[in-house]
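J.: Sequence:
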Amino acid sequence: MPELPEVETVRRGLSDLLEGKKVMSVKSDWHKSFPNDQRLVDNYLIGSKITEVKRRAKVIIINLDSDYCLMIHLKMTGQLVYVGDQRFGAGHPNDSLIAKLPDKSTRVVLTFKDKSSLYFNDQRKFGWMKLLHKSRLNDEPFMKSVGPELIDPDITNTIFVQRLQKRPGSNIKAVLLDQSVIAGVGNIYADESLWAAKIHPTTLVKDLNDTELATLREELINVLKLSIEKGGSTDKNYVDAEGNKGSYLEFAKVFRREGKPCYRCGSVIVKSKVAARGTHTCNVCQIKKKA
DNA sequence: CACTTGACCTGTCCGC
DNA sequence: TGCGGACAGGTCAAGT
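According to this note's numbering, the first sequence is numbered sequentially starting from 937.
These are computed hints drawn from the structure, not numbers from a lab. Take the hints with a grain of salt, since some may be wrong.
[What the hints assert, rightly or not] Below, in silico cross-link-like pairs of lysine to any residue (SDA-like), each with a Cα-Cα straight-line distance of 20 Å or less: (1) K985 / D1050; (2) K1209 / D1171; (3) K1051 / T987; (4) K985 / E955; (5) K1196 / I1223; (6) K985 / D1001; (7) K1036 / D1001; (8) K1181 / R1060; (9) K963 / L976; (10) K1036 / K1181; (11) K1189 / E1165; (12) K1181 / I1034; (13) K1224 / A1211; (14) K990 / D973; (15) K1189 / D1143; (16) K1011 / M1079; (17) K1172 / Q1059; (18) K1161 / K1196.
[As the list claims (entries may be wrong)] Quick list of the computed label-pair ranges, beta carbon to beta carbon: (19) V1204 / A1035: 37 to 45 Å; (20) K1011 / D973: 19 to 27 Å; (21) D1075 / H967: 20 to 28 Å.
Backbone N, C-alpha and C fix where the C-beta goes; we use that ideal spot for every residue, glycine too.
Please model the complete structure; the sequences and the hints are all you need to start from.
T.: Encoded structure:
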């Protein structure tokens, strides 16, 4: 999906657009995208007002003024796009996307009292929107296992290193992608931060010293913060709450740059498979290390 | 237990 | 133009 910067960008947009909106109706024609009991939907979603839009790792949480909330995971291709009266305005930059909604990727539509709507689009149907009692949120499997986020200032380098070193025999990229170790990093920002830290993705955690891990942490934080500033990365599907694409990939150093020269040394960026994911590296700058 | 692979889906692109 | 296969930003369950 969208990784932490994309989800945070969506959250910020929705927070401005949705707070105070009263839900009037919900429509979904793909059960796995909206796996909720109709009675609960009728009693605790319809007629409720949105009070707050939060994020934890790559999950969005929309709090309602009932005791319930919506927990949303966008997975690979999910979008949450709000359409208000700009659909009818002239010259809006996103007219083309917004005017077409709902489209064939639309899985759930929430309509509000003021006639505006929130579209949950998800081409690949991996994502979901669950209505949960607020007190049960932390019983969800994802919430139970999810680790801390590096953009949280309380997560010191010591904590970061301790968490990674619980997986000494795994390659560093697989560990960065494991949400129970560190939350929010996905394929793009794993590749970007490893390039910046000059670490090859197949290097085993136990073969990295404290200096290298400290550098990796710094670079992860830099990459995540820069991407949030740029509104995230749009590779194919990702858009924010108003249908805008993110611009981070214009600044990417390796991701999707296979065949192009490394910005540091000029060698050709190559694509391989690590941890079952497409992986971009400069194999001159990023040497696989063995202790 | 630690770690890796397949499954969940649709759409697109590439080679034959 | 069609068809098969690989691949796509994520996470689980099931395998070794």
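J.: Of the hints stated earlier, which fail here?
T.: Numbers 7, 14, 15, 18 - these are the hints that the structure violates, sorted from lowest upward.
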